[in-house]
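For the record, the sequence lines run as chains A and B. Numbering-wise (our numbering), the first sequence opens with residue 145 and increments by one. Numbering-wise (our numbering), the second sequence opens with residue 145 and increments by one.
Just so you know, the hints here were simulated from the structure itself, not pulled from any lab data. Take these hints with a grain of salt, some might be off.
The list treats identical chains as interchangeable, and a pair is accepted whether it falls inside one copy or across any two copies.
Said to hold, decoys possible - Cross-link-like lysine-lysine pairs, in silico, DSS-like; alpha carbons within 27 Å at most:
#  : residue 1 : residue 2
1  : Lys-154   : Lys-251
2  : Lys-575   : Lys-327
3  : Lys-169   : Lys-628
4  : Lys-495   : Lys-456
5  : Lys-406   : Lys-245
6  : Lys-580   : Lys-530
7  : Lys-495   : Lys-204
8  : Lys-169   : Lys-402
9  : Lys-483   : Lys-580
10 : Lys-402   : Lys-495
11 : Lys-619   : Lys-556
12 : Lys-347   : Lys-543
13 : Lys-194   : Lys-204
Number of protein chains: 2
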Amino acid sequence: MAKELKDLTKRAENYSQWYNELVVKADLAEQSAVRGCMVIKPYGYAIWEKMQRQLDDMFKQTGVQNAYFPLLIPKSFLSREAEHVEGFAKECAVVTHHRLKNDPDGKGVVVDPDARLEEELIIRPTSETIIWNTYRNWISSYRDLPLLCNQWCNVMRWEMRTRLFLRTAEFLWQEGHTAHATKEEAQAKAIEMLNVYSDFAEKYMAVPVVKGVKTANERFAGALETYTIEAMMQDGKALQSGTSHFLGQNFAKAFDVKYINKENQLEYVWATSWGVSTRLMGALIMTHSDDNGLVLPPHLAPIQVVIIPVYKTDDQLQTINEVVNPIVERLRQLNVSVKYDNADNKRPGFKFADYELKGVPVRLVLGARDIENGTVEVMRRDTLEKHNAPLAGIEEYVKNLLEDIQQGIYDKALRHREEMTFKVDTWDEFKEQIEKGGFILAHWDGTTETEEKIKEETKATIRCIPMDAPEEEGKCIYTGKPSKRRVIFARNY
Amino acid sequence: MAKELKDLTKRAENYSQWYNELVVKADLAEQSAVRGCMVIKPYGYAIWEKMQRQLDDMFKQTGVQNAYFPLLIPKSFLSREAEHVEGFAKECAVVTHHRLKNDPDGKGVVVDPDARLEEELIIRPTSETIIWNTYRNWISSYRDLPLLCNQWCNVMRWEMRTRLFLRTAEFLWQEGHTAHATKEEAQAKAIEMLNVYSDFAEKYMAVPVVKGVKTANERFAGALETYTIEAMMQDGKALQSGTSHFLGQNFAKAFDVKYINKENQLEYVWATSWGVSTRLMGALIMTHSDDNGLVLPPHLAPIQVVIIPVYKTDDQLQTINEVVNPIVERLRQLNVSVKYDNADNKRPGFKFADYELKGVPVRLVLGARDIENGTVEVMRRDTLEKHNAPLAGIEEYVKNLLEDIQQGIYDKALRHREEMTFKVDTWDEFKEQIEKGGFILAHWDGTTETEEKIKEETKATIRCIPMDAPEEEGKCIYTGKPSKRRVIFARNY
Chain A
145 MAKELKDLTK RAENYSQWYN ELVVKADLAE QSAVRGCMVI KPYGYAIWEK
195 MQRQLDDMFK QTGVQNAYFP LLIPKSFLSR EAEHVEGFAK ECAVVTHHRL
245 KNDPDGKGVV VDPDARLEEE LIIRPTSETI IWNTYRNWIS SYRDLPLLCN
295 QWCNVMRWEM RTRLFLRTAE FLWQEGHTAH ATKEEAQAKA IEMLNVYSDF
345 AEKYMAVPVV KGVKTANERF AGALETYTIE AMMQDGKALQ SGTSHFLGQN
395 FAKAFDVKYI NKENQLEYVW ATSWGVSTRL MGALIMTHSD DNGLVLPPHL
445 APIQVVIIPV YKTDDQLQTI NEVVNPIVER LRQLNVSVKY DNADNKRPGF
495 KFADYELKGV PVRLVLGARD IENGTVEVMR RDTLEKHNAP LAGIEEYVKN
545 LLEDIQQGIY DKALRHREEM TFKVDTWDEF KEQIEKGGFI LAHWDGTTET
595 EEKIKEETKA TIRCIPMDAP EEEGKCIYTG KPSKRRVIFA RNY
Chain B
145 MAKELKDLTK RAENYSQWYN ELVVKADLAE QSAVRGCMVI KPYGYAIWEK
195 MQRQLDDMFK QTGVQNAYFP LLIPKSFLSR EAEHVEGFAK ECAVVTHHRL
245 KNDPDGKGVV VDPDARLEEE LIIRPTSETI IWNTYRNWIS SYRDLPLLCN
295 QWCNVMRWEM RTRLFLRTAE FLWQEGHTAH ATKEEAQAKA IEMLNVYSDF
345 AEKYMAVPVV KGVKTANERF AGALETYTIE AMMQDGKALQ SGTSHFLGQN
395 FAKAFDVKYI NKENQLEYVW ATSWGVSTRL MGALIMTHSD DNGLVLPPHL
445 APIQVVIIPV YKTDDQLQTI NEVVNPIVER LRQLNVSVKY DNADNKRPGF
495 KFADYELKGV PVRLVLGARD IENGTVEVMR RDTLEKHNAP LAGIEEYVKN
545 LLEDIQQGIY DKALRHREEM TFKVDTWDEF KEQIEKGGFI LAHWDGTTET
595 EEKIKEETKA TIRCIPMDAP EEEGKCIYTG KPSKRRVIFA RNY
């Protein structure tokens with residue numbers, strides 16, 4: 145039974161190690177030769193591509209267009225928006241030279257000291273500055289608004305401690321940057337995109353999320369408001385999965401972007417930005433997978449169904465092929481992504497373990513006996529349950545099963561989150577509960593000072609003020625001062 | 145008639161200026177604040193996206209999978225493959241530091257001198273080195289081969305003289321990197337991908353190309369053979385539009401990538417790489433466009449058909465809307481990308497000029513009179529011819545017209561190339577002809593020395609040795625030495 149594939153640390157033993165091993169063993173990604181930068185392997189990239197394609201369609205349905213802005217940002221741009229530079233400019237890759245030359249003292253190449261740049265360039269950690277510098281020339285009248293651009297690209301933040309997908313120096317993402325005539329329109333766009341993210345997370349990733357507002361302390365550098373979707377991983381920690389920012393007129397003022405309104409007056413433009421990244425891969429993996437490997441939601445699985453023949457003779461294989469080929473054909477017509485793995489250089493047991501590890505949602509196994517009986521063995525990856533189903537009509541059956549699995553893993557994740565969400569009203573209870581993980585709904589006095597003290601003492605941060613949090617009189621868990629609603633505390637990735 | 149849009153330099157006056165203006169005026173791209181780096185605007189990016197989507201499908205049909213490798217390459221990697229570093233390492237962006245800090249002497253930020261990297265990192269000019277360093281861990285047995293990866297990404301070469309799309313410091317491209325067990329298989333893959341490129345150029349871009357082999361002098365740094373597709377622009381200059389390289393075992397040896405063959409012996413792996421870039425946008429523009437603006441091939445046009453109403457009263461517009469809306473619906477069902485532009489803040493004349501500039505292949509204009517007559521005015525962008533067509537069945541009519549235009553502009557470009565391709569047998573004739581532009585088919589003695597002298601004296605380079613060049617005894621145009629086939633000389637972009 146292909147023991148090497150199964151040789152995966154158990155979640156209960158060491159969740160963090162389980163994750164690290166799984167990402168590598170399931171061929172999703174690996175560390176590269178460059179500190180903190182990952183290689184996304186073909187199987188991992190295929191999942192990311194499905195995410196991209198779906199998100200991209202959803203963005204376009206809201207009127208967003210794609211564009212591309214430069215990788216490099218002049219150093220001086222970063223200091224234009226004061227709060228932005230505070231939050232971002234510290235750890236980033238700096239380009240100082242534009243030429244190498246042969247080492248005069250020996251082998252290899254050295255940096256040519258004569259090729260120093262007049263102004264250093266920064267590899268984008270995010271692109272607000274260069275984009276708003278560009279928008280200045282694109283916007284002059286209310287007729288040019290709204291301007292709704294997105295780019296899919298790589299960005300770089302020189303993280304000290306990295307983990308595959310969750311925190312890497314280079315990562316892939318999309319960043320949307322919109323410009324609006326009014327505050328209300330910009331605010332509405334920021335919320336609209338948050339809703340796109342939460343729809344995507346729930347309907348495609350099968351990851352339930354809480355929509356909320358970040359506290360001032362956790363806001364994006366330069367934003368007036370940061371909206372977030374927060375997911376809970378199996379270990380009870382929170383993972384921020386996407387953010388959408390209402391930027392007010394901060395970047396418009398920093399880069400002097402004005403427009404003439406309908407009343408013929410000059411005004412600064414209102415802005416949003418929003419992004420999700422390859423970090424979503426981490427959320428996907430940690431929400432659903434188990435001790436046998438990945439569990440992928442059918443809506444994002446590169447292979448939704450694998451069919452494996454079990455046979456002794458070439459004749460038997462021939463017979464199975466004849467039954468399977470039309471099934472493959474019909475599944476494809478139903479837009480089901482299917483792989484028929486009849487390669488003869490691996491044993492069925494090895495294949496079973498491998499596709500389990502890779503999280504393929506449905507496995508069909510077909511032997512000579514099954515064909516005689518007109519049945520096929522069906523395994524669903526999420527529950528590992530096996531049963532027989534009639535061969536006749538198997539395509540529709542599988543199609544429905546995929547939807548069942550999609551719903552099933554969402555429900556399971558939601559149940560887990562609900563079971564791991566606690567209302568807490570005393571500081572002692574808070575300190576005790578936070579050690580066990582989960583989301584804590586507690587009152588907070590609204591000050592950054594208290595927020596930071598709680599973090600210092602417990603490593604818990606305020607993940608968000610949930611958008612649907614009901615008004616409720618209460619007292620801050622830490623200071624006892626009055627509070628109007630509960631916020632979500634958790635430890636986080 | 146929206147004169148500002150038409151204010152485009154004529155090709156006959158100054159072809160180069162016409163191109164530069166057109167790229168900007170048609171909203172394809174513009175210079176950014178960073179020297180040599182472009183901003184690809186939404187309309188330009190939409191064309192690039194259609195190219196990407198189509199090429200990506202074609203790659204996948206040959207078994208290629210996408211992956212992602214790091215942006216940054218350790219400096220030492222570049223000197224591992226000796227010829228490769230000769231050809232590439234000179235002009236590139238060098239990352240030397242990983243942190244900024246607040247300027248202690250005043251405003252803004254400065255590079256933190258304490259954050260110097262131990263080894264400098266280079267922004268990838270191409271990724272052979274980092275990919276082959278990765279492949280070492282992915283390949284151990286013949287069962288791991290072939291390994292067929294592609295990545296869509298940005299790359300950077302510090303070009304001194306840049307032109308939008310044609311030569312920019314940062315550009316977008318795809319780079320395929322394959323590993324094979326045998327020389328023959330790798331050579332066949334390099335040719336297969338060249339054929340994918342030529343199919344794409346001819347069937348989607350409507351750009352006829354010559355497939356050929358580069359001379360040793362023009363080969364990719366590190367390749368044993370470079371295959372190319374060469375297109376002719378309207379000014380008679382050549383544009384290299386895609387290359388595919390047979391890399392032999394050079395990178396496998398430099399990065400120690402071996403596999404155990406079926407006979408249980410260790411062997412070095414054989415390699416190919418192949419790429420096309422946003423340079424294709426330049427080829428597309430310069431092959432078809434005219435003094436009125438872009439002419440886009442229907443297979444890549446983001447908007448294939450625009451419908452413009454002409455009306456005086458709101459009632460008339462209402463009537464036209466009622467006729468047009470179902471046409472739009474049916475066109476979409478036929479997979480035709482259509483825009484109904486009934487915005488009332490621009491006059492029809494402005495719209496006509498704008499969509500002409502943007503190269504929309506088919507324009508339908510509909511007025512109240514047309515509806516009475518059951519006809520519609522049809523304009524095809526390639527010939528600017530207008531005629532009336534019956535409203536009944538207009539969708540199929542348009543669909544066919546789009547195919548006619550696709551074929552028509554290909555035929556026109558092919559005719560142009562044929563008319564501008566000359567067999568030349570004397571040096572005087574060569575020098576005279578090269579001034580007039582076009583491809584020159586001439587004999588060459590096969591030496592780099594002669595190739596370079598011809599380039600020095602005439603600025604003509606050998607674009608390729610065409611794959612279908614017939615054997616023919618002849619004498620080198622320059623030295624009179626014997627030659628077995630004609631090669632293509634041209635000036636080039």
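Going down the list of hints, with the structure as the test:
no. : hint               : result
1   : Lys-154 to Lys-251 : neither (48 Å within a copy, 52 Å between copies)
2   : Lys-575 to Lys-327 : neither (40 Å within a copy, 65 Å between copies)
3   : Lys-169 to Lys-628 : neither (47 Å within a copy, 55 Å between copies)
4   : Lys-495 to Lys-456 : within (16 Å within a copy, 70 Å between copies)
5   : Lys-406 to Lys-245 : neither (57 Å within a copy, 43 Å between copies)
6   : Lys-580 to Lys-530 : neither (34 Å within a copy, 74 Å between copies)
7   : Lys-495 to Lys-204 : between (39 Å within a copy, 23 Å between copies)
8   : Lys-169 to Lys-402 : between (52 Å within a copy, 22 Å between copies)
9   : Lys-483 to Lys-580 : neither (41 Å within a copy, 56 Å between copies)
10  : Lys-402 to Lys-495 : between (61 Å within a copy, 26 Å between copies)
11  : Lys-619 to Lys-556 : neither (33 Å within a copy, 78 Å between copies)
12  : Lys-347 to Lys-543 : within (16 Å within a copy, 36 Å between copies)
13  : Lys-194 to Lys-204 : both (16 Å within a copy, 14 Å between copies)
Hint violations for this structure: numbers 1, 2, 3, 5, 6, 9 and 11, all remaining hints satisfied.
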